[in-house]
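Asks: Given chain A, put chain B in place with the hints provided.
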Amino acid sequence: TQLLEQSPQFLSIQEGENLTVYCNSSSVFSSLQWYRQEPGEGPVLLVTVVTGGEVKKLKRLTFQFGDARKDSSLHITAAQPGDTGLYLCAGVWSSYKLIFGSGTRLLVRP
Amino acid sequence: NAGVTQTPKFRVLKTGQSMTLLCAQDMNHEYMYWYRQDPGMGLRLIHYSVGEGTTAKGEVPDGYNVSRLKKQNFLLGLESAAPSQTSVYFCASSYSRDSSYEQYFGPGTRLTVT
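As you go down the protein sequences, you meet chains A and B in turn. So for the first sequence, the working numbering puts the first residue at 28; every next one is plus one. So for the second sequence, the working numbering puts the first residue at 95; every next one is plus one.
Excised from the complex, chain A in its bound form (with noise of 0.2 Å):
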């Protein structure tokens, strides 16, 4: 069973800190996506990471895939309460399928 895990599962920090969640996995996914979720709404993506090794920066979100393409990590600089939501990350599982980590929930307190 694919699995992917989600650390850490909450998170209260205050503004201007910085943060790093992790999605971790035993399966090689061919590409991960990481979404934000707000209360009451779907998630939306925020972007997908598809070579090992790659680094993407979406203003002051920077997101890792390993090099393995097992694991993947979400780095926020000087948070803000706007951050504030539900981070779910993504791997393709087999075609047209995704699976889904239980996501971190942060909250960026003023």
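Incorrect hints may appear among the rest.
Claimed, not checked - The calculated BS3-like cross-link candidates involving lysine-lysine, where the alpha carbons are at most 27 Å apart (straight line), are:
1. A:K124 / B:K108
2. A:K124 / B:K164
3. B:K151 / A:K97
4. B:K151 / B:K108
5. B:K103 / A:K124
Simulated from the structure, these hints should not be mistaken for lab results.
Replies: Leaving out everything else, chain B in the frame of chain A:
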């Protein structure tokens, strides 16, 4: 361009009742999905469709049925609701861009079964 829409937004059912959740997308996407989201368990795939007239089972298909008679619509049915089906249901659509199947989600349907 509304993206992915879901109806209804909220619903309360009694055990044994049936209902249909409707998902519509206006992006001409080939692939459509139904997920359920429960606390601490992320999103789990119920059923999916790779094109009009086709459906397939996901991780947790028991107790649900689906139909995709038109490319833009994907229906999820509960024939006899059970309290274990209390959840938030999300529909998503995607297309194959470099085989990444990036998901476009609807706003969700919150279902409570009493």
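Asks: For every hint, state whether the structure bears it out.
Replies: Right, here's what the structure says about each hint:
For the hint pairing A:K124 with B:K108, the CA-to-CA distance comes to about 32 Å; that exceeds 27 Å, so the pair is violated. At roughly 21 Å between alpha-carbon atoms, A:K124 and B:K164 fall within 27 Å of each other, so this suggested pair holds. Among the hinted pairs, B:K151 with A:K97 is consistent with the structure: their alpha-carbon atoms are about 25 Å apart, no more than 27 Å. Our distance criterion of 27 Å between C-alpha atoms is met by B:K151 and B:K108, whose separation comes to about 25 Å.
At roughly 25 Å between alpha-carbon atoms, B:K103 and A:K124 fall within 27 Å of each other, so this suggested pair holds.
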